[in-house]
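Trainee: Use the sequences and the hints to build the structure in full.
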Amino acid sequence: MKFRIINRAFYFAFLITCCFASRISYSTEREELKIQDVAKEYKETVARWDAFISDPRNIDNPTDSRGDSYVNNKPFDEIVALGVPALEYIVQDIESGKNLIDFAFKRISKKQFTNTEMWQPGGYDAAIIRWWRNGRANIKEEFAAYYEQWTKTPQGKEKDTRFKTLVGVSVLALPYAMEHLKEGNEQLMPAIDYWTDNKPKEAFEKLEGEEMSKKDFYLAWWEKNKDFWLVPQLKKPAESKE
Amino acid sequence: MKAPSPNPYGYYYPNSDNSRTYKTGDATPFQQPGDYNCFGWALGLNRWFFPYEFGGSGTVADVEYYMADHGYAEVGSDEDWDIVFWARPGGNPGIQDDEVTHAATRSSHQPDSYIWVESKMGAQERIVTRMTDLDNSCHSYGAVLNGNRVLYFRLGD
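If you read the sequences in order, they're chains A and B.
Numbering of the first sequence is given in this note's numbering, commencing with residue 1 and proceeding in unit increments.
Numbering of the second sequence is given in this note's numbering, commencing with residue 1 and proceeding in unit increments.
A few of these clues could be false.
Unchecked claim - Mimicking DMTMM-like on lysine to aspartate or glutamate, the simulated pairs with C-alpha atoms at most 25 Å apart in a straight line are:
hint	chain 1	residue 1	chain 2	residue 2
1	B	Lys23	A	Asp55
2	A	Lys214	A	Asp227
3	A	Lys106	B	Asp26
4	A	Lys159	A	Asp193
5	A	Lys157	B	Asp97
6	B	Lys23	A	Asp60
7	A	Lys235	A	Asp160
8	A	Lys226	A	Asp197
9	A	Lys98	B	Asp26
10	A	Lys110	A	Asp55
11	A	Lys206	A	Asp227
12	A	Lys164	B	Asp97
13	A	Lys159	A	Asp227
14	A	Lys43	B	Asp69
15	A	Lys214	A	Asp197
16	A	Lys164	B	Asp69
17	A	Lys224	A	Glu186
18	A	Lys159	B	Asp97
19	A	Lys106	B	Asp112
20	A	Lys235	A	Glu88
21	A	Lys164	B	Glu64
22	A	Lys164	A	Asp77
23	A	Lys140	A	Glu88
24	A	Lys157	B	Glu64
25	A	Lys110	B	Asp97
Since the hints were derived computationally from the structure, they do not count as laboratory data.
Mentor: See below:
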């Protein structure tokens, strides 16, 4: 009997702690998705999308060559919502020749390829595969170089272009932007907003009654959610040699 | 060339006429290897070619840049051309930011005084039809699909 009372007291104490800890919410629902479940969830979500677009009643324009009629729908949004952890599975599908799934890659990764990269044989899909399997190993250096170019450029149209190039290195540069933020440099907060589809920004705007700077909130958000946004880094060719 | 097939596009292409629409290629299995669209057909790539592969978001300006880079010369509508593009308004004034929506090649089948073109209709069939039949396609609720013809190109010598 005594044991049951203690057990119940412990349970209530645990519940109260949980409630208190969740007063400030740094997370968004998708980020809580267990990484190990992504492969299964990706497969199921893509199957739902396939079924949706296989029904002609769901396609606004069956003669659409831009692809909008197939990707502007809720099932496709659900694929995109799987976020960064789904990128590997998307690339696998691209490698197997699945069409239009590269729209999801584009929307999640925010990777912007140059014309030179895209205009090689195989086009956009081949550029994705090359980058995902090899090119992204250099992302840290690319980010640093583009960041330097951007900061050195005076305000104006050219600076805006430099910013587009900077964020075009993809969402995988998010940890490096967070490093800048940790050091007190808040210049890259718009880039963080862009890469994350405003996830920390929206969470910060919902914050009520708490004294916290935007910078500190973003850093706390990152600590809470970074596992969702990180992908295993590729070894550079030189590093992978025995 | 196959006999005229029922034209399923009348709903979207108000100018089209079943009696003068010819199927030259089957619909391609969607999302499968071998699938191709109008851009892929017109550029001779025979794969699904995304409009943003022109660069940017697939605007008229992007297409002009891409085609020049790939050996095509932009020409007028009354000149000898190989490929024609349609575009819909992109929101900004002028046509440079308009989004390309469809492309066709000039067909070898020219039975009358009209210009006939051949094009792949998204994932649907490849057809030969009068060029003007593909103009101003729209949804029943009025949204522009293909818009107007905006660009003509000739493959360089």
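Trainee: A separate judgement is required for each hint: does it hold in the structure or not?
Mentor: Evaluated hints:
1. A hinted pair counts as satisfied when its Cα atoms are at most 25 Å apart, and B/Lys23 with A/Asp55 qualifies at roughly 23 Å.
2. For the hint linking A/Lys214 to A/Asp227, the alpha-carbon distance of about 21 Å falls within 25 Å, and the restraint holds.
3. Pair hint A/Lys106 plus B/Asp26 does not hold up; C-alpha atoms about 29 Å apart against a cutoff of 25 Å.
4. In summary, the hint linking A/Lys159 to A/Asp193 is supported, as the alpha carbons are separated by about 18 Å, within the 25 Å threshold.
5. Of the pairs offered as hints, the one joining A/Lys157 and B/Asp97 holds, with about 18 Å between alpha carbons and a cut-off of 25 Å not exceeded.
6. For the hint pairing B/Lys23 with A/Asp60, the CA-to-CA distance comes to about 22 Å; that is within 25 Å, so the pair holds.
7. A hinted pair counts as satisfied when its Cα atoms are at most 25 Å apart, and A/Lys235 with A/Asp160 does not qualify at roughly 32 Å.
8. About 15 Å separates the Cα atoms of A/Lys226 and A/Asp197, which keeps this hinted pair within 25 Å; it holds.
9. Taking the CA atoms of A/Lys98 and B/Asp26, the gap is about 19 Å. The hint holds against a cut of 25 Å.
10. Between A/Lys110 and A/Asp55, the direct Cα distance comes to roughly 29 Å. Violation of the 25 Å bound is thereby established for this hinted pair.
11. At most 25 Å may separate the alpha-carbon atoms for a hinted pair to count; A/Lys206 and A/Asp227 meet this at roughly 23 Å.
12. Our distance criterion of 25 Å between C-alpha atoms is met by A/Lys164 and B/Asp97, whose separation comes to about 18 Å.
13. The suggested pairing of A/Lys159 with A/Asp227 is violated, with an alpha-carbon distance near 32 Å, which exceeds 25 Å.
14. Taken as a hint, the A/Lys43 and B/Asp69 pair is broken in the structure, with Cα atoms around 39 Å apart against an allowance of 25 Å.
15. Note on A/Lys214 and A/Asp197: the hinted pairing holds, with a Cα-Cα distance of about 16 Å set against a maximum of 25 Å.
16. The straight-line distance between the Cα atoms of A/Lys164 and B/Asp69 is roughly 23 Å, inside the 25 Å bound, and the hint therefore holds.
17. Distance restraint check for A/Lys224 and A/Glu186: the Cα-Cα separation of roughly 19 Å lies within the 25 Å cut-off, and the hinted pair is therefore satisfied.
18. Distance restraint check for A/Lys159 and B/Asp97: the Cα-Cα separation of roughly 21 Å lies within the 25 Å cut-off, and the hinted pair is therefore satisfied.
19. Proposed proximity of A/Lys106 and B/Asp112 is contradicted: the alpha carbons are some 45 Å apart, above 25 Å.
20. Distance check on the hinted pair: A/Lys235 and A/Glu88 sit about 16 Å apart at the alpha-carbon level, within 25 Å; holds.
21. With a C-alpha separation of about 22 Å, the suggested pairing of A/Lys164 with B/Glu64 holds against the 25 Å cut-off.
22. For the given pair, A/Lys164 sits about 24 Å from A/Asp77 by alpha-carbon distance, which is consistent with the 25 Å threshold.
23. The straight-line distance between the Cα atoms of A/Lys140 and A/Glu88 is roughly 19 Å, inside the 25 Å bound, and the hint therefore holds.
24. At roughly 22 Å between alpha-carbon atoms, A/Lys157 and B/Glu64 fall within 25 Å of each other, so this suggested pair holds.
25. A C-alpha spacing of about 21 Å is found between A/Lys110 and B/Asp97, which places the hinted pair at or below 25 Å, so the restraint holds.
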